[in-house]
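The primary structure of each chain is shown beneath.
Number of protein chains: 2
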Amino acid sequence: MTAKINFGLSCIEKLNKHATLINCPENHLKNLIKTDGRFEGFTLHGVNIFYDYSRQRVDVEAMNLLFELAEKKKVKQQFSDMVAGQKVNVTENRAALHTALRDFSNDPVFMDGNNVMPDIQHVQNDIKDFSAKIRSGSLTGSTKKPFKHIVVIGIGGSNLGTEFVSTALSMFSDRKIEILYLSNVDIHHFGEILSKINHETTLWIIISKSYTTSETKANETVVREYLKSNGLDPSKHIVTVTSKGSPGDETALSNRKTFHMFDFVGGRFSVSSAVGGVPLSIYLGYDMFERILKGANEMDQHARNEPVENNLPMIAALISFWNISILKYTAMAIIPYASPLSRLAPHIQQLFMESNGKSVTRDGKTLNDPAGYIIFGEPGTNAQHSFFQLAHQGNPFPIDFIGVVKPYYDKFKCHSNGVTNHQELWANLISQPEALATGKQDKHPAKCFEGNRPSSTILIEELSPENIGRLLAFYEAKTVFEAFLWDINPFDQFGVELGKTMASTYRKEIASKNKDSNYEFGKSNAISNFYLKTLFSGKLEE
Amino acid sequence: MTAKINFGLSCIEKLNKHATLINCPENHLKNLIKTDGRFEGFTLHGVNIFYDYSRQRVDVEAMNLLFELAEKKKVKQQFSDMVAGQKVNVTENRAALHTALRDFSNDPVFMDGNNVMPDIQHVQNDIKDFSAKIRSGSLTGSTKKPFKHIVVIGIGGSNLGTEFVSTALSMFSDRKIEILYLSNVDIHHFGEILSKINHETTLWIIISKSYTTSETKANETVVREYLKSNGLDPSKHIVTVTSKGSPGDETALSNRKTFHMFDFVGGRFSVSSAVGGVPLSIYLGYDMFERILKGANEMDQHARNEPVENNLPMIAALISFWNISILKYTAMAIIPYASPLSRLAPHIQQLFMESNGKSVTRDGKTLNDPAGYIIFGEPGTNAQHSFFQLAHQGNPFPIDFIGVVKPYYDKFKCHSNGVTNHQELWANLISQPEALATGKQDKHPAKCFEGNRPSSTILIEELSPENIGRLLAFYEAKTVFEAFLWDINPFDQFGVELGKTMASTYRKEIASKNKDSNYEFGKSNAISNFYLKTLFSGKLEE
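Sequences listed follow chains A and B, in order. Numbered by my numbering, the letters in the first sequence go through residues -14 to 527 in order. Numbered by my numbering, the letters in the second sequence go through residues -14 to 527 in order.
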């Protein structure tokens, strides 16, 4: 491909054209990875994260075209606008300032002419103070016993990010206070939590920005009932994280304390706010939470300042765009070769699929193909024993492999087959991307591996709070960059509204029947009527 | 479509032709679900499971064509052959007799002329006896204390099914003995387990059919080291589940006891064998395990005996075939509206993707399109707050919704918004399939819902061991039926071999370097060399 031939074509046309070349057998990954300087040219190292895209189905020309696209879409400028407090969430007329939550520069960040930093710092100081008191035991439950469990009540953005971080860093906990998550409205989830706690020594952290989330409200109701039935004072056992003035604010509700969330931080980007801050500071200590924020901030600055061709989340976003919109893969897997990162995939699944699973551009035009893709994943090597059969021989999907260079846990370094557990893990981490890329021929068709399956490998040196912060911010920035490449707004989520409206209708039907057992289900259709009736009969009729 | 027009076309051609009709706007799901008798015609009830496919994008003609396909492919006959002990795993010349593990009929099941039932019953009696002794405390660890924790060491098929079942039925545990899973070779996983157990009161159950699985062997080595360092006798704290004569058999190894697995049961189908039997019988009691088996057996008989058009897993398999091979969806989600079913999706992900993620037919011909698809899922309503934005407005994917009519946990039935938690859960379970199917128009494009997104709804009456067994066997039979529709062998997994071979190469490189720090990494390429060096340096060099 020369500049001449492409002259006059749009970026996307050029990319599509180039894809036909990449799809030729001579550009099979087994050949691409052997080209001169492949490793040096297709790896990046920044803010303590190593990113290897040498096993992606790109060449220099593809990357140049993608860089051109990033420039044309002004992706970096849009990111800077976001960080600077502009209302990039256009459909809801809001800013998206999750980056300000970890800005320790002492520079003001203005939104609508007001500096948001003092409010952010106020909440942080509050968290610091409160978490220290809980950890020291100077703040207790209503029977004067120190807290031994915290239960986060929240769903989606109110729990997935925090759960990822607390799982990733659990080895830094002194285990004096355990953390649990009550997300599902299913009463079995509450029952399971009860089997693990003692009522006197449990603090409930209820998280909902609007404080109207039905699941969270329902679970709060159950918890208040539970506390009362045990003779405990809810105002000593419940704190909330919510917007100022919401129905869950301490001024409106009898609870111990409220930590405020801000309009300019979306749920799925909120782990750096009080949403993550309160539980993580109690579980790990505020210092640890601050170290997470500092790591995230480094990545934010990298994403904002590094030129496109040297920018980790930008390259990762461009690769995703290439894989999805040009090469037409429909899903991506995240496979961390680290057991503590087991909750990374569910968090990124929400972060990305809720942000970018959209059919319209930010200015309301319908896209030819919907944006977004399915993200799923399990830790390696577990995933190898689960769905890697399909990864190797079924419909291909790109993979992010993630490795940790140095294990935190340094006991029991005994050898099996001549290697330690950590080395065994790495033997697999090294092998899988290579096997997927190169494939292997065999005279028996069932033993043939087509190869040409793309992946990236991301390394962090160790499971430190800073690195977890960097990883979080890496995927946040990648998600936002991808949205900008697709011209969509990653900060709204109108797609969840229809289900909510319908649930509200059926909830009313059910509530009416609760009040009056003679109530006849009205507006619903035959199918839904069956389910309503089954719910009330408690039986499956043959 | 009339029979005349289709005359002479193959089943697949007819299905493809019919798909063009289904893809017409007038056959949008919002219209299909309103057709006369839709609910009655597209729901099934059998063996205490209700299956509603009225919101799938099929009509009577589509179903008739699919039934024709099932007949043509002799799917039921093949299932009967499997149950009868024929060597349906042709590439490995083995039978696939997981159904025999739950056959209580007293009829013989012959393989190679030998009745396999006595061996199965012998192992079951062994499990019954052993688990009772552990539960009563008459068998103890080496310091004479009764066991309080069991840790299952196994990966893939050796843990996912058991983990699903133990999570689904945890409310039936008396909580005297807790169950944990050590699957990942990552040493952090072992460290996490240690933070939860006491060495004196823990029994380790090591599960590997061949006893050559590297991850499991590595974890076993670590456990033996750990037991020794605590002055405990491994032969009192370790039992194994493995093939007769394997390196992990009690005759070969110093362990307390071995329970045998059989060649004719594949890992991902093995939860009914000693793989699930030993841990589940200790955790829940043997009676509960037997009730699971009896439920599974009912579904096996249903799958084998019911005519195609009345056969739950068959209909479900035909719908999958239609969705994937004809309508070209690339993924499917499993969304149980029940917190205890949170590990169902990871189990089915393995069961299905490892069974059917294949590119060749059972007789070695390459398929035009690879079979299989991606399966992922989280419980509802959690999933609604995670990836349902994309489900409603991004690229569509079919969904299995699963509901439980009656909650097991019956405390705290207080109301929020006029409904109980269970009712709130159901208001959502009722709404989502409807919202996905019907969609909604709006003058604002971001608030438009295209609808036409297919789903099934599966109901069980309660979370009983029988119903969990039925659900397990439902997905097992569905997986096998789908394989037969695609003409593939669901019982081999050659796709995982290349990665294993490569890992073995790199393991040797690492072991050589462990022995001699001057060893130079040899045969590997520049990319993998970097990873090997990084592993040994323990650092990410800038």
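None of these hints come from the bench; they were simulated from the model. One or more of the hints may lead you astray.
Copies of the same chain look alike in the list, so a pair counts if it fits in one copy or across any two.
[Said to hold, decoys possible] With a straight-line cut-off of 30 Å between C-alpha atoms, the simulated DSSO-like cross-links for lysine-lysine are:
1. LYS15 <-> LYS485
2. LYS15 <-> LYS518
3. LYS398 <-> LYS500
4. LYS213 <-> LYS498
5. LYS161 <-> LYS129
6. LYS161 <-> LYS59
7. LYS313 <-> LYS493
8. LYS396 <-> LYS428
9. LYS242 <-> LYS313
10. LYS2 <-> LYS313
Fill in: Hints violated by the structure (numbers, ascending)
Numbers 6, 7, 8 and 9 - these are the hints that the structure violates, sorted from lowest upward.
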